[in-house]
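Engineer: Listed below, chain by chain, are the residues.
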Amino acid sequence: MLENAWIIPLLPAASFLLTLFFGKRLKGGAHWFGIAAVGTAFVLALVVNVQWFQHVDEAEHEAKSAEVNSEEGGEAPVEGEEGLGALDGESAAAPALRAEEGEKAEEFEVEPITRSWTWWQSGGVEFKAGMLLDGMGVMMLFVVTLISLLVHIYSTDYVKDDRRYTHYYAFLSLFTASMLGLIMAENTLQLIVMWELVGVCSFVLIGHWWEEKPNSDAALKAFLTNRVGDVGLLVGVIVLFFTAGQTFNIVEINTLANEGAISQTALLVASLCLLAAVMSKSGQFILHTWLPDAMAGPTPVSALIHAATMVVAGVFMVGRMYGVFFNGLNIGTSSVNALAVVGGITVLGGAGLAFVQDDIKKVLAYSTVSQLGYMVMALGVGAWTAAFFHLFTHALFKAGLFLGSGSVAHAVHSFDMKKDMGGMKKFMPKTYVTFLICSVALAGMFPFAGFFSKDEILAGAGQLGGEGNYTAFVVVGTLGALMTAAYMTRCIYLTFFGEYRGDLSHHAHDHGDAEAAETSDELDHAAAPHVDVPHAVPHESGPRILVPLYILSGLAVIAGLANLPKNGIFSFLPESLTLRFEHYYEPKALYFPIIEHPEFSLATAVTSLVIVTVGWALAYAWYFKGLGPHGITQRNKLARAGHTLLVNKYYFDVLYTDVIAGSVKGPIARAANWFNQNVLDGIVNGAGIGARKSGEWVYRNIDQGIVDTIVNGSGATAEGTGEVFRQVQTGKVQQYGVLLFAATAVLAGIFIIVI
Amino acid sequence: MDALYLNQFLFLGAILFCIGVYGVLAKRNAVIVLMSVELILNAVNINFVAFGAFWSGQPGGSPISGTVFALFVIAVAAAEVGVGLAIVLLIHRNRKSVDLDDVDLMKG
Amino acid sequence: MTVLGAAVAQNIFFYVIAAIMVFAAFRVVTTKNVVHAAIFLVMVLAGVGAQFILLAAEFVAATQVLVYIGAVVVLILFGTMLTRAKIGRDVDLTNDYWFVGAVTSVMLFAVMGYSLWDAFESTPLPEDTRIGGVNNTAAVSDSIFGQYLVPFEVISVLLLSALIGAIVIARRD
Chain U
5 MLENAWIIPL LPAASFLLTL FFGKRLKGGA HWFGIAAVGT AFVLALVVNV
55 QWFQHVDEAE HEAKSAEVNS EEGGEAPVEG EEGLGALDGE SAAAPALRAE
105 EGEKAEEFEV EPITRSWTWW QSGGVEFKAG MLLDGMGVMM LFVVTLISLL
155 VHIYSTDYVK DDRRYTHYYA FLSLFTASML GLIMAENTLQ LIVMWELVGV
205 CSFVLIGHWW EEKPNSDAAL KAFLTNRVGD VGLLVGVIVL FFTAGQTFNI
255 VEINTLANEG AISQTALLVA SLCLLAAVMS KSGQFILHTW LPDAMAGPTP
305 VSALIHAATM VVAGVFMVGR MYGVFFNGLN IGTSSVNALA VVGGITVLGG
355 AGLAFVQDDI KKVLAYSTVS QLGYMVMALG VGAWTAAFFH LFTHALFKAG
405 LFLGSGSVAH AVHSFDMKKD MGGMKKFMPK TYVTFLICSV ALAGMFPFAG
455 FFSKDEILAG AGQLGGEGNY TAFVVVGTLG ALMTAAYMTR CIYLTFFGEY
505 RGDLSHHAHD HGDAEAAETS DELDHAAAPH VDVPHAVPHE SGPRILVPLY
555 ILSGLAVIAG LANLPKNGIF SFLPESLTLR FEHYYEPKAL YFPIIEHPEF
605 SLATAVTSLV IVTVGWALAY AWYFKGLGPH GITQRNKLAR AGHTLLVNKY
655 YFDVLYTDVI AGSVKGPIAR AANWFNQNVL DGIVNGAGIG ARKSGEWVYR
705 NIDQGIVDTI VNGSGATAEG TGEVFRQVQT GKVQQYGVLL FAATAVLAGI
755 FIIVI
Chain W
621 MDALYLNQFL FLGAILFCIG VYGVLAKRNA VIVLMSVELI LNAVNINFVA
671 FGAFWSGQPG GSPISGTVFA LFVIAVAAAE VGVGLAIVLL IHRNRKSVDL
721 DDVDLMKG
Chain Y
1296 MTVLGAAVAQ NIFFYVIAAI MVFAAFRVVT TKNVVHAAIF LVMVLAGVGA
1346 QFILLAAEFV AATQVLVYIG AVVVLILFGT MLTRAKIGRD VDLTNDYWFV
1396 GAVTSVMLFA VMGYSLWDAF ESTPLPEDTR IGGVNNTAAV SDSIFGQYLV
1446 PFEVISVLLL SALIGAIVIA RRD
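Residue numbers (this note's numbering), protein chains in the order written: chain U, 5 to 759; chain W, 621 to 728; chain Y, 1296 to 1468.
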């Protein structure tokens, strides 16, 4: 199955086409193709995972036996830290050294599974399409297919009787197919194609209810902001193509980067360009503005795309090209670099904005932005496994949170926490429990998943890097954890506690009403012809919504066990239970740089737990107990200014829309138009006029003057000489006779006398 | 003075010939021109017969050819004068004059 | 003193006749009277006949006188009369470019004279210039009915055609 893992993206792709063409005819809805395809893909992904574990174990086993053989053969290892030899005979490259104090070096190479087919050739460059499967890809396969499957099932209830049900499922399938294709992309060109494809699907799905202008605006904003970053992607890929010897192959590029065959400057330039793409796709500051607006799409879409899968495409890309980033930005040996800075700013910025949102989905959106910042920051400090482990756990509990918010909103038909929710705990207890579990996991409390992943990031920031490590980012991460706990508590309070603020009388609960458009911010019942059933209270959602929630929250609890640390207080654990995530999923091959791994640090862990508890306590005090300086923003100018700044999202939208776009639309466009009309057209017209005038001149002077003179002259000459010679023809025979006799005399004289 | 010399006759012939040429070229009246042509022909005849006499004393050659040829020339000259005068008559009939200066219809 | 040989007599005879001929020829082309020109032509033609006799070609001489003087000159006189050439002095019988003609004939004479002198200087004619040892008439008849039969017949046809042609041309229709 490992060899044939390329089938996995094809299944949802086929279901896309089938749903598009045949979905409407399916009795019972168009979701069956999609669910069948993604379900099968999930099962295959599980199979692939199991086979990958076997593959890794085999590689380790072979490496160990090779080391044993070489020791028996008398070949002592050269250095003390060099443990096991490399798997394949490529001894030219140094085996991956993982010398850590107190840790036995894990040095075996795990070859990734690659297949490629040449798509076309031109100019000596082969364009291939193929599959690259390594630990990271296998992990992502699992995550994407799982979340997609849960979202498919959830959507059968959530968007039931929607105006474009078939279309929705078709594009869910297409999105799944392209995300899986992106994960398994073998070369950077394929990566770009899949990248754009997920962008397109995001656009379509965000604008699913495009009849309302805010939705289509949000879709456009998402797509166009992503395009800004994609310029960086293209430039970066091109730079890498040329500096890595005209290859698009990811394995080759990263291997060359690790060996130092590509210059540092080229790698730095490529890293910064690719960083722009990460900023746009993964919602990092400053190109994050589209993500909160993307909440205009249906909630399952937000869960799938903008929490768990598409937005992590940027993080995934960094992880894929980690050789380039690690060597370009000197992640292993510096204490601050562009990746980490961007991630750090995002952590704090996103968390800050989450405090002032009234829309529950927007809170979760900014939380996603913040957590993505954590992942990017982790990659920036060199904690690769931490970043991807956090990606893994975040996908689980953030999807759970989004689906939970969808469940609540489905009940009250609104997303506004302040206006329409409150006290939902008693109406929707099951949703409340899952939501609570997931938010605790998000905050990072032991032993939930978020604790392990976030803590590893903090430990990495504190321990990795060059002089002074990345201590600044430890502070940033800790602060972010505090804020995460606080705003999630706010969110939970506003949604589930207190008095129900929704309108109990005016409430359409007729799910057969397809026109009840669920926009992000407001009720829209005016256009919906429904029977005004006075429904008393919102009620718990059906099983198709709840079961995915159970699954996700359950996983959020236990997912942390996947990467248990093995030192410190966890030393009692047998080796086969610790660091499983890292063991199986972290690439160990020539194309992955040699990185260090952080150890479990009790100090960091305890500190973060304390900080999280403090955050909870503060928020609890503020909201639940009403303590603290409520209303300070009205009284204090500084507080109000800060609040206004947050509410206006740091004025980024103003900057982009009014300043940049506005100036381009206005003065710059006018200037360009003036330039075009007067200068460029002037040149063109001038060229035309010049050509015409020179043509006229040539015609007058050269054609008529010179050429015609020559022609006429020759005629005149002929005529003149003819005139002259014509006089010989007098018509008088005697004159002819004169000529005849004279010539005869002369000729005869010549012949006789001279000759 | 002991013999007749060939050159005498040939020179005589040459003189007559040249006078005849002058007459052909320089006279306006067509009839005079015809008469000059007769002069030329006769000069040629003298040449022929002189040579015939010359060759009669030389071995080889055909001395009688000169004489016979002179006869033929006489015959042809007669024919030519006949035809020529007919033409002159025709010209005269058309133009009422035989001035050769006026016959320049072929003037180019 | 020996009697002056025949050659001397021939020479005298020759030079006298030659002088008359040249003078007459000159007058043919310079006279302003067409009829006078015809008469001078007769003198030339007669002189030519005399020269023929000197060269022992009596048949040709007889033919010359008969044909030329008897027929051709008569013809010319008829032509003169029929073309109403003025009998008497004419306006001007000489061309505008007579000088060119004179020059040409002088040039021609120069060339011819030079070549003649160069080639045949002092080449004597034989004593007995009878051809074939027989008299001229016999020799001529032998020739034109023997060796030159075909040209003889051709000449006959030529005369015939000239006759017909002249009639055709000068026909009044």
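Among the clues, some could well be false.
DEER-style ranges, computed between Cβ atoms [said to hold, decoys possible]:
| # | chain 1 | residue 1 | chain 2 | residue 2 | range |
| --- | --- | --- | --- | --- | --- |
| 1 | U | Asp712 | Y | Ala1397 | 44 to 52 angstroms |
| 2 | Y | Val1398 | U | Trp701 | 17 to 25 angstroms |
| 3 | Y | Ala1397 | W | Ile707 | 50 to 58 angstroms |
| 4 | W | Ile707 | U | Gly724 | 32 to 40 angstroms |
| 5 | Y | Val1398 | U | Asp712 | 39 to 47 angstroms |
| 6 | Y | Val1463 | W | Val696 | 17 to 25 angstroms |
| 7 | W | Lys727 | Y | Thr1418 | 41 to 49 angstroms |
| 8 | Y | Tyr1310 | U | Val758 | 28 to 36 angstroms |
| 9 | Y | Ile1459 | U | Val758 | 46 to 54 angstroms |
| 10 | Y | Val1463 | U | Gly724 | 42 to 50 angstroms |
| 11 | U | Glu727 | Y | Val1398 | 23 to 31 angstroms |
| 12 | Y | Leu1455 | U | Gly724 | 46 to 54 angstroms |
| 13 | Y | Ala1397 | U | Gly724 | 25 to 33 angstroms |
To be clear, the hints were calculated from the coordinates, so they are not data collected in a lab. Ideal placement from N, C-alpha and C gives every residue a C-beta, glycine not left out.
Engineer: Starting from the hint 23 to 31 angstroms, judge whether the C-beta atoms of Glu727 (chain U) and Val1398 (chain Y) obey it.
Structural biologist: With a Cβ separation near 26 angstroms, Glu727 (chain U) and Val1398 (chain Y) satisfy 23 to 31 angstroms, so the hint holds.
Engineer: Is the gap between the beta carbons of Ile1459 (chain Y) and Val758 (chain U) within 46 to 54 angstroms?
Structural biologist: With a Cβ separation near 47 angstroms, Ile1459 (chain Y) and Val758 (chain U) satisfy 46 to 54 angstroms, so the hint holds.
Engineer: Mind checking the hinted window 25 to 33 angstroms against the Cβ distance between Ala1397 (chain Y) and Gly724 (chain U)?
Structural biologist: Given a distance of about 32 angstroms, which is inside 25 to 33 angstroms, the answer is holds.
Engineer: Does the Cβ-Cβ separation between Val1398 (chain Y) and Trp701 (chain U) fall within 17 to 25 angstroms?
Structural biologist: violated (58 angstroms)
Engineer: Looking only at beta-carbon atoms, does the pair Ala1397 (chain Y), Ile707 (chain W) fall within the given range of 50 to 58 angstroms?
Structural biologist: Violated - the Cβ-Cβ distance for Ala1397 (chain Y) and Ile707 (chain W), about 26 angstroms, lies outside 50 to 58 angstroms.
Engineer: Do Val1463 (chain Y) and Gly724 (chain U) keep their Cβ atoms within the hinted range of 42 to 50 angstroms?
Structural biologist: Hint holds: Cβ distance 44 angstroms, inside 42 to 50 angstroms.
Engineer: State, for the Cβ atoms of Ile707 (chain W) and Gly724 (chain U), whether the hinted interval 32 to 40 angstroms holds or is violated.
Structural biologist: Taking Cβ atoms as reference, Ile707 (chain W) and Gly724 (chain U) lie about 36 angstroms apart, which means the hint holds.
Engineer: Has the hinted range 46 to 54 angstroms been met by the Cβ atoms of Leu1455 (chain Y) and Gly724 (chain U)?
Structural biologist: holds (51 angstroms)
Engineer: Taking the Cβ atom of Lys727 (chain W) and the Cβ atom of Thr1418 (chain Y), is their distance within the range 41 to 49 angstroms?
Structural biologist: 47 angstroms Cβ-Cβ, so the 41 to 49 angstroms window holds.
Engineer: Should the hint that Val1463 (chain Y) and Val696 (chain W) are 17 to 25 angstroms apart at their CB atoms be regarded as holding?
Structural biologist: holds (19 angstroms)
Engineer: With respect to the beta-carbon atoms only, verify the hint that Tyr1310 (chain Y) and Val758 (chain U) lie 28 to 36 angstroms apart.
Structural biologist: Roughly 33 angstroms apart at Cβ, these two residues keep to the hinted range, so it holds.
Engineer: When you take the CB atoms of Asp712 (chain U) and Ala1397 (chain Y), is the distance between them in 44 to 52 angstroms?
Structural biologist: At 49 angstroms between Cβs, range holds.
Comparing the model with each earlier hint shows violations of hints 2, 3; every other hint is respected.
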